[in-house]
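Undergrad: Kindly generate the complete structure, drawing on both the sequences and the hints.
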Amino acid sequence: MASDQDLVVETVRDILSSHEPFALTADTAWDAGLWADLAEAGLTGVGLPEEAGGSGGELADAVAVVRTLAAGAGAVPVAEQLLAAGPALLAADLDLPDPAEPLTLAIAGAVHAEPSDDGDGPGRWTLTGTATDVAWAGVARHVAVLAQPPEGIEGAVLALVDAEELATSDARNLAGEPRGSLVLGGTAASGALLTAAQAGEVRARYALARAVQLAAALEQVLAWTVQYAGERHQFGRPLGRFQAVQMELAEMAGEVTAVTALVDAAVQTLDRDEDVVLAAAAAKVRAGAAVEVVARLAHQVHGAIGFTQEHRLHHLTRRLWSWRDEAGSELTWSQVLGVGLLAQGGDGLWPALTRVV
Amino acid sequence: MSSSLTLAPAPPSEAAEEVRTQVRGFLADELAAGTFTTHVDTWLSGVDPAFSRKLGERGWLGMTWPKRYGGHERSAMERYAVTEELLAAGAPVAAHWIADRQSGPNLLRYGTEAQRQAILPRIAAGECYFVIGMSEPDSGSDLASIRTRAARNADGDWVVNGAKVWTSNAHHSHYAITLVRTGPPGEGPRGKHQGLTQLLVDLSLPGIAINPIRILDGGHHFNEVVFEDVVVPGDMLLGEEGAGWHQVTAELAFERSGPERFLSTYPLLAEFGRRACDTGDRAQLATLGRLSARLLALRQLSLRIAAALDRGELPDIPAALVKDVGTTFEADVADEIRRVVEVTPSLDSPDPLGRALAEAQLHAPGYTLRGGTNEILRGIVARGLGLR
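Sequence lines, in order, name chains W and V.
1209 is the number that the numbering used here gives the last residue of the first sequence; the numbers go up by one with no jumps.
466 is the number that the numbering used here gives the last residue of the second sequence; the numbers go up by one with no jumps.
Just so you know, these hints were derived from the structure itself, not from any lab.
Glycine is no exception: its CB is placed at the ideal position from the N, C-alpha and C atoms.
Heads up, some of the hints might be wrong.
[Said to hold, decoys possible] A few chain W residues that face chain V, going by a derived Cβ cut-off under 7 Å, partial list only:
(1) L1018
(2) V1035
(3) L1101
(4) A1105
(5) A1134
(6) V1191
(7) L1194
TA: Shown next as structure tokens:
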């Protein structure tokens, strides 16, 4: 990203340097200390406007924070808060919770919203059902839930739920990050009715947030692998001097560079207020596709030590393997992209491709 | 990541979008008039001088060159849009492709004023075609091992002996920029890069034989060009005597980064898009999405290189990377599609998808060989990573 973000990146790196990544478990489901330091520095509100309680700054600043934390395997819900749930609430004219309190987004499962008159004024809803695969369930204090609208109404309801009293299930992704369910039993919440297009945009922004994380983690895995190939000696020379290993590293670099180029371009469509759905779909699918190659070759080059929790590599490869199918699976977004590109018919593919990013 | 691999994002270009619309309209008209039919890999196989002249008339060749040489002083981003539209339509662009892409820019960098004035306006008009005289029967990836020789005679002319291969469309072309050995190699591992020279060889000269080499589908695009005591006028030296290796390296940055390195099989993808639209099959739509995501990433990489060329840079390492990733994609298009469609590849198929698949399959081995094998390219990328 541009050098305007260097200061933000340095600040996040400074904070990260005193918080080593650790293997997440049910008991230590996130890095509360890291979150506290980030919140104190105002970094959990970057890119969210000051008048809404955020720290201000550009979208590019928020992306830089998310990228740096993803590359550092920071176990905190910053991508959800800064790039997905926060912007979704603001776009729906809903109040943003205090950025010092972790916020996440729930888009899967079956949650129904009914309008309610609970005496707290207009825009109140009652939510019933189970939200599944909720990132940071049990950790996030607030959850923006994308729920099905009352029968006969098109679109979706976006509601902000206080998660403190909710029952959560303990499920985690391949890296141990919390991905449980939230049970909503007539939970009262403020919310807003979204059109189908607006709901689609909420999902797309979430996918793009994951794509940004994927791109950053892929870059870091490549850097670690190049570094390791330079340091590890076998047969009297560094691994990186072997042509077979060079071919593998070059293949990884090709994948990573392609992902970065597309994810950067997709983020720019967001900045230009263009239709983000197909750009986000493409970025997410492309980033996810690179995971297979990059993680496989990174582990191959690292050898057995990379296959253990003693080495840092797993902090990112386990996340990569999960992130590629989160915020909408690779299959889902591939189909969204395929259908979207053919919206103008079978002859319209090329014009559609040249408009995506 | 290593800064030698990454380039800044390309700024949006309104001028490029404008010319893109014009080219798209032109191609729709030509297709409707039946002046060409869409094929796969037409920058190798689609020779049509009349079509090339039409592009020249519209100012779509030599686009970035100075006006005094028949060029149009437009940006590399605009040229990118034009070439991309032509490739996506599977238009017959092979006649002028090499001349417009790399021989012209090579002449601009290294040619004499007389050479530029004599040749560049004709390339820009779509009337003068070039072949690449690099590979030889015994020299492929190890280009510096070439054996074609040139020596000065008493008149100061060059006498050339040897043979070049894989010279695409030499039988339709006017010139070959020919890499020859004019002096002995130096000492050390890079010594063989010394003593190489580029000559501008008129293919109608006495002593030149052009013999066809047919590729897998029976098509005649490749040739062997044999030089037997060919006397090349002394003023047809290109650039500096002995600087051939350096000049070739610069030429390859243009050769390796363009959209033809990932769009050779686009007409197949377009045909598949029509099929997926008709069937609504979810597996086909997902495959279309996956392939399209790869293509969109490649476009961004290639656009970044076009923007770098506009900044006056010569990004040879990113160009190698684009060509590696892009040509791998070109071959994958055929494989991914055949996994999700009931289709039999045949050049005689009544189904346009079957025909496109056959063309793409039979041309597939070439994608990752021409312009530098992917192994060579990955070696260049590894150098960019600081590994060698």
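Undergrad: It remains to establish, for every hint, whether it holds in the given structure.
TA: Each hint tested on the structure:
no.: 1; hint: L1018; result: 34 Å, violated
no.: 2; hint: V1035; result: 31 Å, violated
no.: 3; hint: L1101; result: 6 Å, holds
no.: 4; hint: A1105; result: 5 Å, holds
no.: 5; hint: A1134; result: 4 Å, holds
no.: 6; hint: V1191; result: 6 Å, holds
no.: 7; hint: L1194; result: 5 Å, holds
Of the hints listed earlier, those the structure fails to meet are numbers 1 and 2, in rising order.
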